[in-house]
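Please construct the entire structure, taking both the sequences and the accompanying hints into account.
Just add 10 to the spot in the sequence shown (first one is 1) and you have this note's numbering.
Mixed in with the good hints, there may be bad ones.
[Unchecked claim] No farther apart than 25 Å at their CA atoms in a straight line, the calculated lysine to aspartate or glutamate pairs in the DMTMM-like style are these:
id: 1; residue 1: Lys392; residue 2: Glu580
id: 2; residue 1: Lys392; residue 2: Glu109
id: 3; residue 1: Lys392; residue 2: Glu528
id: 4; residue 1: Lys392; residue 2: Asp351
id: 5; residue 1: Lys392; residue 2: Glu419
id: 6; residue 1: Lys392; residue 2: Glu118
id: 7; residue 1: Lys392; residue 2: Glu433
id: 8; residue 1: Lys392; residue 2: Glu328
id: 9; residue 1: Lys392; residue 2: Glu414
id: 10; residue 1: Lys392; residue 2: Asp522
id: 11; residue 1: Lys392; residue 2: Asp411
id: 12; residue 1: Lys392; residue 2: Asp330
id: 13; residue 1: Lys392; residue 2: Glu520
id: 14; residue 1: Lys392; residue 2: Asp416
I should point out that these hints are in silico values taken from the structure, not numbers from a laboratory.
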Amino acid sequence: MVTALGMAWRAGRGLTIAFAVLSTLMAVLPVTIAWCTKLVLDEIAAGRPGAGVTATLGAVLAGCGVLTAIGPQIVQYVRDESGRRIGLVAQDRLFRATERFVGLARFEDPAFHDRIRMAQQYGGATPGMVVSAALGTARTAMTGAGFLVSLVTISPWMAALVLGAAVPSLAAELWLSRRRAAMLWGIGPVERRELFFGELLVNVQAAKELRLFGIGAHLRGLMNAHRRAANAERSRTDRRELGVQAVTGTAAALAAGGGLLWVLVSAANGTGAIGDVALFVAAVAGVQAAASGLVVELVTVHQQVLLFGHYLAVLDAEPDLPVPARPRRAGPLRRGIELNDVWFRYSPGHPWALRGLSLAIPYGSAVALVGRNGAGKSTLVKLLCRMYDPERGSILWDGIDLREMDPAELRARIGAVFQDYMEYDMTAAENIGLGDLAALDDRGRIEAAARRAGVHDVVSRLPRGYDTMLSRVFAGPANPSEDGPTDVGVHLSGGQWQRVALARAYLRGERDLLILDEPGSGLDAEAEHEIHQGLREHRRGRTSLLISHRLGAVRDADHIVVLDGGQVAERGTHTELLACGGIYARLFALQAEGYRQREDRAAGAPHDRLSGAR
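Right, here's the structure in full:
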């Protein structure tokens, strides 16, 4: 709670002070109106209508009425404005905290996804709600105290009865609050699955298979089943709350009814003033309303603080990978990269992805990784980028263990094209410029990178060229400073997107290590040949790691490493590996045979060429 209040204070001190002043003013208004009403009625009952004191009290009542009418709107505006500012600060702190997770482990953990969803949902709103509830608690407490003192002047025992009736309600509501917070955490995974299915049903990439396979209704059924499961838990909690609140509410109503009957009898017998009746009604209603409001505000604070725990858990979480306080500087690569007896698995329950792997990537050479799916190629790339650390063994950059370096500095020296590259719902220029933020506003460098990737002509022909939004989700305004129609977003083909991703890698320029993970997998044969020709020129003299299932694309690498079961099974040049007659030779022969058969079918006659293996 202290953290939430501190965030609110830093986000807007003036608004917080204004909120507190307004809350205090609104707290005294009901009590002032009740006492003025009592005094006016007593004046009238005493036969002194029209006296100066009556006129003064009437003026005060009128003023209070005006403040009562406009005060809530002003308070609401200050509350909302404060909430917006606090929400911005909270959101920034949350995602700033996620940047401390320099690896991938947290983002591949389902439990972390549930926690981050709860943190997003409640973290940004909680500080504002805590401030509002805290001030609301103070306001209702002040109002309730004023009415309670008023009630004591009429009947101390009645004041004690009304106040005592509120205590069970408060205890019950706090208990219900804990149960509701636990329920929200419990249904988190169910609601996340529901959200997944809902997004899948309108996802443009999934639309083809959904319609071709006719699985839309099946997925909709799964989505609705998860919604029903979540709704059932919420309904169970609501019914429990309804039952408890009905009991505590009935007890409070009986106490108020008994007190009202007593004061009416007293007034009828002449033992009480007529103004006491009005004051009692207002005081009882005020105390009960204050007690109810106090319960609501305290429960709100209690529940929000419980939910805010998920936000704090993300903020306070330790980095997923250790970063040394004084990291060793990652200088330009001069000797090469070495992997020494590297063992890695994604969790103790997973099998080993890499098992005692030792490998050298000499400076200035092109090393190719080949192997079956699951051989450990992608895992090795993740370790080289220090998305994970080896469980045993070490990876050295010019003799320096990657764990002793600053991950950000290491990654600044790496350029990469990943097989699962991103398609950002942003403009074409931004999609390329994200490869190097220093060049984001340098149109010349962006266009040069696009030309090298062979996508410049495609982008130039788009409706707004490099400023065209590459998205079917968002559309960009024709001119953001003017009203008018928006531009329709454009979606590229798979091969065009792959060239955009390649342009991002080219934009990074003279990086020490270039990682190419299936850079031509989405291209036709001619385009793939063109891309690889360009990449050969680009990586000449540079240290590069090339991963591809198409062995013809890696045959000219300086070193070819065959992975099998997380270990180095073979290594050598293309010619040496063919001569060995092992895994590489067998895979190459299978691919060559496939190409030859396709050529034979296309030409209608047999051929002995293996040119397709290139």
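Worksheet item: Straight-line Cα separation of Lys392 and Glu580 no greater than 25 Å?
Response: holds, 21 Å
Worksheet entry | Given hint Glu520 paired with Lys392 - CA-CA distance at most 25 Å | The hint holds at about 21 Å.
Worksheet entry | Pair hint Lys392 and Asp351, alpha-carbon separation not exceeding 25 Å | Within the cut-off at roughly 16 Å; holds.
Worksheet item: For the pair supplied as a hint, Lys392 and Glu433, is the alpha-carbon distance within the 25 Å limit?
Response: holds, 20 Å
Worksheet item: Is Lys392 close enough to Asp411, meaning Cα to Cα at most 25 Å?
Response: Roughly 15 Å between the alpha carbons, so the hint for Lys392 and Asp411 holds.
Worksheet item: Between Lys392 and Asp416, does the CA-CA distance stay at or below 25 Å?
Response: holds, 16 Å
Practice prompt. Starting from Lys392, check that the Cα of Asp522 is at most 25 Å away, please.
Written response: holds, 17 Å
Worksheet item: CA of Lys392 to CA of Glu118, is that 25 Å or under?
Response: holds, 13 Å
Discussion item. Lys392 and Asp330 were given as a pair; does the straight-line alpha-carbon distance stay at or below 25 Å?
Written reply: Answer holds: Lys392 to Asp330 is near 14 Å, not above 25 Å.
Worksheet item: Is it true that the CA of Lys392 sits at most 25 Å from the CA of Glu528?
Response: holds, 15 Å
Worksheet item: Is the straight-line distance between the alpha-carbon of Lys392 and that of Glu328 25 Å or less?
Response: With Cα atoms ~20 Å apart, Lys392 and Glu328 stay inside 25 Å; holds.
Worksheet item: When you check the alpha-carbon spacing of Lys392 and Glu109, does it fall within 25 Å?
Response: holds, 17 Å
Of the numbered hints listed earlier, not one is contradicted by the structure.
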